[in-house]
Amino acid sequence: MADPPSGDPGYTADEMMTVTAARHLYDGQVCFVGIGLPSEAANLARLSHAPDVVLIYESGTIGTRPTVLPLSIGDGELAEHADMVVGVPEVFAYWLQGGRIDVGFLSAAQIDRYGNLNTTVIGDYDHPTTRLPGAGGAPEIASAAGEVIVMLRHSPRAFVPAVDFVTSVGFGRHGEGRGGSPGSGPTVVITDLGTLAPDPVSHRLTLTATHPGVPVERVVAETGWDLEVADDLTTTEPPNPGELATLRQLKARTRQAHGTEG
Amino acid sequence: MADPPSGDPGYTADEMMTVTAARHLYDGQVCFVGIGLPSEAANLARLSHAPDVVLIYESGTIGTRPTVLPLSIGDGELAEHADMVVGVPEVFAYWLQGGRIDVGFLSAAQIDRYGNLNTTVIGDYDHPTTRLPGAGGAPEIASAAGEVIVMLRHSPRAFVPAVDFVTSVGFGRHGEGRGGSPGSGPTVVITDLGTLAPDPVSHRLTLTATHPGVPVERVVAETGWDLEVADDLTTTEPPNPGELATLRQLKARTRQAHGTEG
Amino acid sequence: MAVITTLADAVGDLVPDGSAVALEGFTHLIPTAAGHEIIRHGKRDLTLIRMTPDVVFDQMIGMGCARRLVFSWGGNPGVGSLHRLRDAVEHGWPHPLEIEEHSHAGMAARYVAGASGLPFGVLRGYAGTDLAAHTTVAGIRCPFTGEELTAVPALRPDVTVIHAQQADRQGNVGLWGISGVQREAVLAAATAIVTVEEIVDDLDRHHPNHVVLPSWIVTAVAPVPGGAHPSYAMGYSRRDNAFYTAWDRISRDRHTFRRWMEAFVIGTTNHAAYLAAIADPSRLEDAPDG
Amino acid sequence: MAVITTLADAVGDLVPDGSAVALEGFTHLIPTAAGHEIIRHGKRDLTLIRMTPDVVFDQMIGMGCARRLVFSWGGNPGVGSLHRLRDAVEHGWPHPLEIEEHSHAGMAARYVAGASGLPFGVLRGYAGTDLAAHTTVAGIRCPFTGEELTAVPALRPDVTVIHAQQADRQGNVGLWGISGVQREAVLAAATAIVTVEEIVDDLDRHHPNHVVLPSWIVTAVAPVPGGAHPSYAMGYSRRDNAFYTAWDRISRDRHTFRRWMEAFVIGTTNHAAYLAAIADPSRLEDAPDG
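Protein chains in written order, with this note's numbering: chain A, 1 to 262; chain B, 1001 to 1262; chain C, 2001 to 2290; chain D, 3001 to 3290.
Quick caveat, the hints were computed from the structure, so don't treat them as lab data.
Hints may contain errors.
[Unchecked claim] Examples of chain C residues lying across from chain D (beta carbon under 10 Å, computed):
1) G2117
2) R2124
3) G2146
[Said to hold, decoys possible] Taking beta-carbon pairs under 8 Å as the criterion, some of the chain A residues facing chain D (in silico):
4) G28
5) E58
6) T61
7) D75
8) Y125
9) H258
Virtual Cβ for every residue (Gly too), placed ideally from N, Cα, C.
Here chain A stands alone, though its shape is the one from the complex:
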């Protein structure tokens, strides 16, 4: 976990990241949610400014409103609070591929300057240094969702010039574009340091905002390629008390529900 911004602003860098990501979800949108950071942000959005956001997890839980964060993509919590539960083939065929998802919310081990994501291997595929979990639902979320929001923590190991394996396509290895995929691809990458967005022409991820107290130089240093910075770079609005309270209550409820056992 990254250090909190200097001067202890009263929130952590992870909280800033989660709040920023949550703000990118709008009420009424239909969101296909990955587990972990995306799930936390999506549920924060639902519990704050976007009560009617529709959350779909690949376990087939559609329109779910968990009271605590799920630890896995298939927690009973997700099924118990869902509008409906469908089989996994259906969630991918009818709901994702069918073009019903506005926003796909993904994380990854590596991302490159063109927003391509790797969750498969570090190193060579046949002789990997590190075998990662693999594709899961990500490739088709990345291609079919109307837009893709990516969340991952900044580091040169994560923000690499070229991903070791293109598990999910952003704008292609050489920024050549989406190759006819239905969705418009990554629109924003939210980290613990700031926000990146693809340049509309070059498709290169560009720093568009830094979180309060984070110098641009630090973001550049934590990015494994020569990061471009937007002319109109802004500073992220810090978390407001309501956002922080909602997030912290959610996490406290989650710890209480899961923590007694682990």
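Place chains B, C and D on chain A using the hints.
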């Protein structure tokens, strides 16, 4: 409805037909059932010698045990007494095409000497004399079921040299065979006069049994092609009292359930 | 999010002349009231789509709403022919009707492809039949085994109309029992209209084969009790078998048909009035067995 | 018709060495007890199949049961890596493991094709990814629109094993809650083994998303209460989150792993004994956080 056999044997020709067809279903077989005559025969089998026959209707009712005969393929009766109800796409994809059906039970407006069935049009397709209901589930039942039992009443209009339209394939227009369809095609055609079966080599439907009291000449006269007769032609065993009682009770219950309104 | 509205407004606003409209229902939950409203609005040049067109399709065709029919089995279930459909196909009355005909398995695969965002579906079917030459199918080869199968084009109605048991106040729809191809037909369509028996506070989700259509995939919900007559809504109504039999006689003759439609559909302002009218024997003189 | 038997007999009789075995479960209803029984029987050279291999796959792989793994996401859900899977892929311990890798959407389409009697499935996917070059997919062109899509080969396990909540005395299986791809995996397989929490007189059919697998598509049913541990069976048990966390530490080291497996799986005669053993703190000395 054909006349009962001469000398009033105590049952009708239709009862003989239904009982004969029912006897071709064995306990534990999985049967995809068409409405009308096939449904009557299949339920008679279930209520007599084959209590564990599994009946599937194309409305998605799987393992159904109706207490009265359904008037339509989607009567509530079928859903209320089913092991499960699935959607129509699934019943065709997973259950029929998936190769899980032992016996398809069909009727038709026309049949030819190679067991091809017509339920589409009489006359030219674009300018039909009579527009029939169409294919429904029949073509894929005819191709995918392990075997096909056909029931229809004998007449030269129904038993034609060449069907006006091949809705469902038996052994092909010219008896050329099944063209790679998974199932083995019609194994028996049961009418109000007797039973026909395809010759294993020529695939031509051949008279293998006549019902009691029906002269061969009558069957030949009611068949629109030059009907071949098996060397070992037999006479159908007449309905036994148990079969008749079960069938009549089923039909009486059905009249009582549906008849108060119609 | 679905708007909860009247059927008249939903059909008036969402079903343009010339559009491709699926009214699905597999013997159970047939959207008859919506079909009648299409007739009352005088809709024209529709492509009407249903796997199993029955009485309400006979009525829409006989009243001249349809230019084209896409289907896989057209009959009066348990009774026999659809006389208005036959008259249109056999004699071009009230005007010629184009036919696009498939098998059930093919239609189901077409809807599934539409719901899945695919341009085609694949099945084992049509081989050796005459249907293959009279409809749109194509051979497709498995790239792994070389096996030849059949492709059917995706079906994507402009509008799908279905009838269901319940919707909640947010417009989430719940149905159960025989569910046919309704879910796929809704998911394949650009616009979805659902008539329901009842608006409830909470969907009763504990029925076998309970199907939910979330509000955000439905365009409009209209409460229409008895909206599936003469079909049924499990848990709410029984199939009116006598009506299906009566329809055979009402629909045989063009003049009798027209008078019946004028008396009971055109001549009623909405479905409640229709149900009252057909329950009133004094209005049945034109319909000997209604 | 399904035979109701013991898990030991079902695995012993129906899972030959060298066969392709799917043990499906999507976080919920994972057939752990069956995986343990495969280990106890010393099965070898299996092709193990699951969309989401987790702890029990780590165990089978680490104990040398698998020659090949077919999957789409392999991890310890909510925790991190599967160390035994990684050790097999990265270092060939206990022996090399072949990998056949797809996306979830691709695996789901493969099972659906298998269940549907088709040689391939079609989806929009894989385009532009490196996965396409490392697994078996093929381009397929829509014969109607010319659009290029992706075909994946049907998946037809020799044996599929799942865990469910209930079976009745005839062997009809009922499950509910998150149902994953289990139905398709059973329908695609030649042989199906189902472990259940409970044998009941009548399936309780009134749960949302209730799925039935009729007896005649199931080969064997074995009652194994708690058979999904550390996963859960909705209505019967809760997910043992602490165990998933503990597994991370148990499985990091080859020796600790082996000792744990010998103590708790090889060293127990059946699943009831395993559950008793892991509940007994005095036996946990080799598993610091068990």
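Hint check:
1. Interface hint status for C:G2117: upheld, as the beta-carbon distance to the closest one in chain D is roughly 7 Å, under 10 Å.
2. Taken as an interface hint, C:R2124 checks out: its beta carbon lies about 7 Å from the nearest beta carbon of chain D, inside 10 Å.
3. Nearest Cβ of chain D to the Cβ of C:G2146: about 9 Å, under the 10 Å cut. The hint holds.
4. Look at A:G28: its Cβ only gets to about 24 Å from chain D, farther than 8 Å, so that hint breaks.
5. With a cut of 8 Å, the hint placing A:E58 at the interface with chain D holds, because the nearest CB-to-CB distance is about 6 Å.
6. The beta carbon of A:T61 is positioned within 8 Å of a beta carbon in chain D (closest approach about 7 Å), and the interface hint is therefore held.
7. Evaluation of the A:D75 hint against chain D yields a held restraint, the C-beta minimum of about 7 Å falling below 8 Å.
8. The interface hint given for A:Y125 holds, since its Cβ lies 6 Å from the closest Cβ of chain D, which is under the 8 Å cut-off.
9. Among the interface hints, the one on A:H258 holds; its C-beta lies about 5 Å from the nearest C-beta in chain D, closer than the 8 Å criterion.
Violated hints amount to a single one, hint 4; each of the other numbered hints is respected by the structure.
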